[in-house]
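Please model the entire structure based on the sequences and the hints provided.
These protein sequence lines are chains B and G, in that order. Sequential numbering of the first sequence, starting at 1, is according to the numbering used here. Sequential numbering of the second sequence, starting at 1001, is according to the numbering used here.
The hints are simulated quantities; they were obtained by calculation from the structure and are not laboratory data. This structure is a prediction, so every number in the text was calculated from the model and none was measured. There may be inaccurate statements among the hints.
Partial list, derived from the structure: chain G residues whose beta carbon lies under 8 Å from chain B [as the list claims (entries may be wrong)]:
no.: 1; residue: A1061
no.: 2; residue: F1150
no.: 3; residue: F1184
no.: 4; residue: D1186
no.: 5; residue: G1251
no.: 6; residue: A1337
no.: 7; residue: T1400
no.: 8; residue: Y1476
no.: 9; residue: S1483
no.: 10; residue: S1506
no.: 11; residue: F1583
Listing some non-contacts, in silico: residues in chain G with all C-beta distances to chain B over 10 Å [said to hold, decoys possible]:
no.: 12; residue: T1284
no.: 13; residue: R1402
no.: 14; residue: A1574
Virtual Cβ for every residue (Gly too), placed ideally from N, Cα, C.
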Amino acid sequence: MRYLAALFLAVVLLAPAGRAGAAPPPEPPAEIRFSEQILPILQQELAPVLDRLPGLTYDSWDGLVAGADFGQVLVPFDAEHSLLVQLADHTDGVSEASRAQLRQWIDEGARSDDGTVPYADVADRPLLYVANQGAAMVSVIDMARNVVVRNVKLQALGFDANAKPHHTAVEPDGSHWYVSLIGASQVLKFDRDNRLVGQVAFETPGMLALHPTEDLLYVARSMMAVNPPTRIGAIRRSDLALTEIDVFFPRPHALALNPAAGYVYTASLAENRIASVPVGEEDVAELIGLDGPVHTLVQFAVSPDGQTMVAGGQLTGAFFLFDLSDPATPTPVARLDLGAMPWHPVFTPDGRFVYIGNQGANTVTVVDVARREVAAVITGDGLAEPHGIAVSPDGRFVYVSNRNLKSAYTPRWVRFTQEMAEEGPAHEGTDHAGMGHDGHGMANPPEPTANHDMDHGMMMDMEAEYGGTVVVIDTATQEIVRVLELGAYPSGMSTRPF
Amino acid sequence: MTPALPPPASGRSVLLTLGLLLSLLSGCTGTRRTLPQTPTAAAPFPPRLERVVTPFEVRRADGTPYAFPFLGGLDVPRPQWVDIDGDGDLDLFVQEVTNAVLFFENVGTATAPELVWRSDRFQDLDVGEWYRFVDLDADGDPDLLAEQPFSYIRYYRNDGDRPGPPRFVLAADTLRDVTGAPIFSDRQNIPNVTDIDCDGQPDLFIGRVDGTVMRYEQGSTDAAGIPRFRLVTDRFENIEIIGQIVGSLHGANTMAFGDVDGDGDEDLFWGDFFEPGLLLIENTGTCGTPSLRGEPVGFPPGNPLRTSGYNAPTLGDPDGDGDLDLLVGVLGGAFNANATAADNLYFLEQTPDGFPVRTRRFLDGIDVGSESVPALADLDADGDLDLLVANKIVPGEPNTSRIYLFENQGTPRQPAFHLTDSLALAPAFHYAPALGDLDADGDLDLLVGTWNEGIAFYRNEGTPQQPDFRLEAPGYVELTRGSNSMPALADLDADGDLDLLVGEASGTLNLYRNEGTPQQPAFRLVSDAYLDLDVGRRSAPTLADLDGDGDLDLFVGAESGGGVFLRNDGTPQAPHFVPNASFAPPLPFFATPVFADLDADGDLDLLVGTASGGLMYFRNER
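Structure representation (structure tokens):
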């Protein structure tokens, strides 16, 4: 909550005089052109804060879209989650009319004067779909450029604000993607243009696993019921027909496919039991127990060659490697103690390494699979309760979503507006080091002084509006190379299988 | 191993032989359900069944009787004490399944409670995943909050007069805050209401998955008089419950308030999916200025409760001794929920020395864990029906199911069951027993369906008086596909031997005709989609002559509750089962029915296994 307190301070110091109760802003023009309406706002009203963004040039649409050193400053069609608007909303000297124009321009696509939408040329690029559980939103990330190209807002499609998207899955050809809504008990199907094309009811769906060659999408359960069914689902993707498979144990959560061997695996959150189910069949082949106290296996990953499976134990911090020589009976062959709450794992495409976020430690552990040992532990700004994980098809980047419910990560707009409040407008030679992510330190906001009870409304607004991240890790250097700011509570995510 | 069954009583074999003879002559069942089962000549149809929780005596292994033998079992009980009828004593409500609340009326006094089961679904109220009785309109009687699926709050106003029964009227399908926004409460996090600051306004507390607590206070009312709530804080007292193990979140929680230390203010009890015990946050302030900023401590201090987790507490003074006792439902969290599939309603009485656990089965009845499967047969040839009850998995023993034997030590007219033993069988999950004389040697053999290992055949190498079941073939019958085989034996073509009908997880039926002899059965699959019947999931067939026309009718239980009745419009030699909606008893989830004349009054009563691991009994009132 440190950043909330910092923001409270920033807002108090920077709020435009007379803002509260001010007359409503004038109606923005029906069509907003970048060069005519937006550019003057950037150059005249937002310059003091934009000058603080390292590497940003904002004298042209191209420059603005290219973003700062840390990444993009806007998300087309989503003013709410665009840094530009967040800064404008909390910077003194920006008129309400200008704020409204900025919002409208971005919500209409942040187009150039010739109508080009930023980041729209995704063509056959691999896309990463990130469920924002606290924001009823799915973020679509272009993995080639590491930018958010779109935020798909479920409320605009008629779903509840508490729909709680939890996990995603993507067709091998990228033509469609799926998301589980644990709050709405639905699994949705979208096309590549993010149009909702189907949905299937399933009580408290959780993790998803899409078969790369069979017409099947498996779905496990989330926590959102007192006593959810002891079954996983198998959805025929072509017509969304659902079959349920009784896996015998309570709260099946972890889920992974082994396409090479023709099995799907799931595990209980409540007891040490794993089930293997032959792909396409409705019966469990084997139930496999694990020794020791309840580990609460959160999620599985299966190696590309289908010979190894891994999982982390939420309660014990244990990380297990399972031998899949007999694919019906995953056999634990090694255990590493990673520490606090290892969450979702992923194999690199070559199968040599596993990356897994440690939710209780704000770290990512890299496991050398052959050596069965920890190869590296990654720390850095942006890692804040790691949850979901994915790897780019070329293996160059690993993506880790971060809930940030405890505010270990301070959003950029808070940092910049706080710095503005403390130091005044940027001047030539200002050291921007603190605003980057590339190994630089961040400005430390002060410890909270505001009592939550005193201004819960504002705090709640901020908490609901801002939240998590996706960090991008370069697998060659094991360094965080980008921090993407998303909506509230980013959780599961997927790209198309490779 | 040979089960140690009690010795036979004199004359039993004669009765058994007579029963078998009648079976053969009349085409009756020889099944896991009823053996022998004589059709009644003039049974009215459809049967008029009455749910009875305590129809006759059933004793535990130690000889003491169950108070609620046929309650149906409990797996995830969510209790609350409340004086619902204004008679000055505390009645008890317990939610076991989604969308229904059990009601136990206290017909005793405020100091000498006597609970009587009244309803499985109190006033047919839809409550979603949780409920809370609380007086929201300050009229002196309890109103009701419940889940509006998914994860909103439904409000029933009590428009009844006290003393007297409540009359709940749906007042609002969604409670709202003072801005008009619906109040959200994750359905697995059960909220609660109390007046925490003694200002006369109820406060609504909602736990969140991150261990924090939101506090709302009742404020204005809308045009329809529905109370609206003002958000006071999203982090009440900066409470952030962290699991004892590794600071685990991602869970589910429950809470209860009560002045447990008698200092005049409300303390907070917290149960959590990742918390094996119960946490107390003591209110160290006063009634007007509460302070709950201390560290949560395991309760009771010094000897904290430890269960499988996700404990749902309620406080009350049911014994009227002036202090609050604790009743705790164990919903089963991250610590092997199966271990508490039977022992899951703890009563902790407050005494000068602390809070000793008086019982782990406050509403004690037959409860073998979960997904129980009953069978009735005269296992000691004493002329009355004994009871077998199987479970999905033994609570606390993760690798097998078990079949428990309740010997009938009463009479044919007045049964009295006593838990005396369990059968020694090869380990497997989810036994489903069916009994019949498969080798015509005059004693009952045993078929045992399992979760995924087909049906095993145990030959009785003992006597009618003292059976000795020996495993003859572990995979005696294998389903063509599917799991949860549920066998039923009956002579479906009146050729003198027992045929086999098998339910399964998919909800369909499998018919195997016995093409062998009474001495040497040979079951041949006729159809794995018999009658094209599909009850959804978990078909559990049973056969009995329910209309008294001399042939066997078919009833099939289902996971979703209820079942499908198919009347035999054919003959004993050529049955023709026709779906008939005129008989649709209100059966529980995972219903595994069996019909038998348990009170020898000439009609068929109904015993049914449940998802919760108990049994329900429906007496045929003709």
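- Structure-inconsistent hints, enumerated in ascending order: 1, 7, 8 and 11
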